[in-house]
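J.: Chain by chain, the residues run as shown.
Number of protein chains: 2
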Amino acid sequence: MPSNLRRITGGVNAAHGFSSATTACGIKRTGPLRSDLSLVASDTPAAAAGVFTTNLVKAAPVLLSRRHLENGKASAVVLNSGNANACTGEPGMRAAEVMANAAALALDVPVDEVLICSTGRIGVQLPLPKILPGIETAAWSLQATPAAATNAAKSIMTSDSVPKQSAYEVSVGKQRFRIGGMAKGAGMISPNMATMLCVITTDAAVSPAFLKKSLGEVVGKTFNCITVDGDCSTNDTVIVLANASSDVAIKSAVDKKAFQDALHSVCADLSRAIVADGEGTSRVIELTVKGARSASDAHLIARAIANSQLVKCAWAGGDPNWGRILDAAGYAGAPFDPDKVEITYDGLKAAEKGMGCQDAKGESRLRKIAAKKEFSVVVDLHGGKGEARLLTTDLTEDYVRLNLTEFSL
Amino acid sequence: MPSNLRRITGGVNAAHGFSSATTACGIKRTGPLRSDLSLVASDTPAAAAGVFTTNLVKAAPVLLSRRHLENGKASAVVLNSGNANACTGEPGMRAAEVMANAAALALDVPVDEVLICSTGRIGVQLPLPKILPGIETAAWSLQATPAAATNAAKSIMTSDSVPKQSAYEVSVGKQRFRIGGMAKGAGMISPNMATMLCVITTDAAVSPAFLKKSLGEVVGKTFNCITVDGDCSTNDTVIVLANASSDVAIKSAVDKKAFQDALHSVCADLSRAIVADGEGTSRVIELTVKGARSASDAHLIARAIANSQLVKCAWAGGDPNWGRILDAAGYAGAPFDPDKVEITYDGLKAAEKGMGCQDAKGESRLRKIAAKKEFSVVVDLHGGKGEARLLTTDLTEDYVRLNLTEFSL
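In the order they appear, the protein sequences are chains S and C. At position 360 of the first sequence the residue is numbered 473 (our numbering), and the sequence of numbers has no breaks. At position 201 of the second sequence the residue is numbered 314 (our numbering), and the sequence of numbers has no breaks.
The following block holds chain S by itself, in its conformation from the complex:
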């Protein structure tokens, strides 16, 4: 971590001039009434950028937020859990617009400065009569406290087991700015985003163009490099708001580097938290594929390995099964020479030249590594300079049990 970055506690309210509030509208269909709507607001219109799901099937709030971001600014984000407002057609689109209107009226901001994020069950219309009073209530109860930020991070949880927040204070010369955020996501996590939502706020003054460019680059290296189950959702959204409250203007190359480092740190923290909270998972694996002909080949192979049911089951069993890894690499669709492949677990060679290379003692050491909560796997194809890195998980019986039905969301 660069020395001008300091980790601080907090989330969306860590930066100055942001506040949040949550309410329980009863959107989640079962169980006790839980907080399911949150509002994040900036005291002043903020520069804003977003990255959205690449799924052809895009939820209404994704379409609306993308449109509202065309002006490069935003004042508030409304987030609901329990219902994704995806595959809901024209009525769904109208519902997202009505939500934005309600927030705009309550906060007295233009409607195209309101962004909407939804997560939860697909294909069910939003219960607007429950949601609209909730937005009104939230707008009246905005608070700039860490507790309010944590409540917002909890409010967007669906199958998540813990709230996910990260924040940093950044020194730029003699000045300081802050950046922080929250995210949710545990299943349907895949490269190119997932059933994940993320809102990041900063009090730095950043141009919309630089904000958009920076977010795209950072998401490519963080949220787009994680996979739990290979499913890419209809609702994935990462939003960043920069409201200039700190008076730190990001203009020089040094300042730009500092801002991007800080944005990267927040996104890296939150994406790692998502993988670590992967539904039913028991291990986090840092998978690196190197020596490919190109970076895109390396990505193809890394994704085939990280999304292979058999590889993931072996990891769940603590089995350092390099054969399944090599098999998955072989059907990825990118060329390499199987007889040159080297596979290591935490630096210990499991295979070289495409063959196993450990005696019983070495295999026992490999099994100890594969039984850990976290370990690294490096697949070196020895065929070029292409490299890719993914954070991924195992596939457990618990994952299946949790996903047998969505009726509980």
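Don't take each hint at face value.
Identical chains blur together in the list; that is why a pair holds if it fits in one copy or across any two.
Derived pair list, reagent style DSBU-like, types lysine-lysine, alpha-carbon separation capped at 35 Å [what the hints assert, rightly or not]:
1) Lys243 <-> Lys466
2) Lys466 <-> Lys171
3) Lys325 <-> Lys453
4) Lys171 <-> Lys334
5) Lys243 <-> Lys481
6) Lys369 <-> Lys462
7) Lys326 <-> Lys243
8) Lys334 <-> Lys369
9) Lys287 <-> Lys243
10) Lys287 <-> Lys474
11) Lys403 <-> Lys171
Read the hints as simulated data drawn from the structure, not as lab findings. It should be emphasised that the depicted structure is a prediction, and the values quoted were computed from it without experimental measurement.
Starting from the known structure of chain S, fit chain C onto it as the hints suggest.
T.: What follows is chain C alone, placed relative to chain S:
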């Protein structure tokens, strides 16, 4: 089924002039001594063809059998379970050659008329001192009986729970020929083959060229249209031997059609048996994607759906979750209009125009369908004439449990 086809009992010995034998060599590392080597032999050199894995990582027996099939004929197939002889480098290639040599000597046939199939754990050298006497023993005990064929079908099982055989008698004018076969496979099953082996024998007289063409076409419609877990193995092999014992020469267009129908029936039976025996699976789903821009688009989308962990988990839970199906279609990489999609379960609409279309009563009927052992799902994109069909399964906790480690194979 065409009227000139009659299903009969039997497998690789159903056709005249074929025999088989099995032995227990102790290749499987754990448990009681089980039959793990089998030999299928033709009384006379047979026309032969094969289809092999598309995985870049190909097991030694695949490379050897492909080479030995260049002459278009074969007299015997040696199959072992418990060890895939994959990722075993030069020593593995030599081991496959030594196995072929041993069988050629014992049967007094040219070595390039012997094909080898291996299945089991990847990355472990074959125990040749155990296997060679086994081949010798098997060559001495060849029998042309149905019982011997069933024993061979059992001998190649790894995680399979039942032996898989199919056979037909085919009327061509006043003559008759027979065709039969056996297969193994339950995990690592995917389009473009899997950890599956299949040997088919027929006493028709077929030219090597027509045999190769027919096998390629039939495999494309049967074994390449099934998926259990989306993993494509290093060892997948389908071999067909035609020894002309029946004196029925396949030459006219009518005879060729009859032969292809029969070959298709055997392959369709065996591929369906593989899906039905999918590791830990509880349901078989016949998935059709239609209305795509092209057949290849339809295939891309069908595979994304059939290999989606979340879709498969929902099926395991008896949840007719059309939202997850639409989501998976959306990230398949083939264009379509989400607002036109119609999804049906056994003919009952779950979604139309990209949205749910059932009330509580209809949803309850959908749930009853999704709780069955077998049902069909049709995804109509209403955007063209491209169509694809896959047989697939659900993803259960048992699948994960069975694949936590391979040490038990």
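J.: Taking the hints in turn, state whether each one holds.
T.: Hints and how they fare:
1. Proximity of Lys243 and Lys466 under a CA criterion of 35 Å is satisfied inter-copy only: 26 Å between copies versus 62 Å inside one chain copy.
2. In this assembly of identical chains, the alpha carbons of Lys466 and Lys171 lie at most 35 Å apart only when taken from different copies (14 Å versus 44 Å within one copy).
3. Taking identical chains as interchangeable, the C-alpha atoms of Lys325 and Lys453 lie at most 35 Å apart only when they sit on different chains, with a minimum of 32 Å there against 41 Å within one chain.
4. For the identical chains of this complex, Lys171 and Lys334 are neighbours both inside a copy (22 Å) and across copies (33 Å), given an alpha-carbon limit of 35 Å.
5. With identical chains, the CA atoms of Lys243 and Lys481 are at most 35 Å apart between copies only, with a shortest distance of 31 Å across copies and 52 Å within one.
6. When the C-alpha separation of Lys369 and Lys462 is checked against a cutoff of 35 Å, the pair qualifies neither within a copy, at 40 Å, nor between copies, at 53 Å.
7. In the homo-oligomer, the alpha carbons of Lys326 and Lys243 never lie at most 35 Å apart, since the shortest distance is 37 Å inside one protomer and 63 Å across protomers.
8. Taking the shortest Cα distances, Lys334 and Lys369 sit within 35 Å of each other inside one copy (17 Å), while across copies they are farther apart (56 Å).
9. Taking CA atoms no more than 35 Å apart as the test, Lys287 paired with Lys243 passes in neither setting, with 48 Å inside one copy and 76 Å between copies.
10. Taking the shortest alpha-carbon separations for Lys287 and Lys474, neither the intra-copy value of 56 Å nor the inter-copy value of 66 Å comes in at or below 35 Å.
11. For the homomeric pair Lys403 and Lys171, the shortest alpha-carbon distances inside one copy (33 Å) and between copies (21 Å) are both at most 35 Å.
In terms of the numbered hints stated before, the structure departs from hints 6, 7, 9, 10, listed from lowest to highest.
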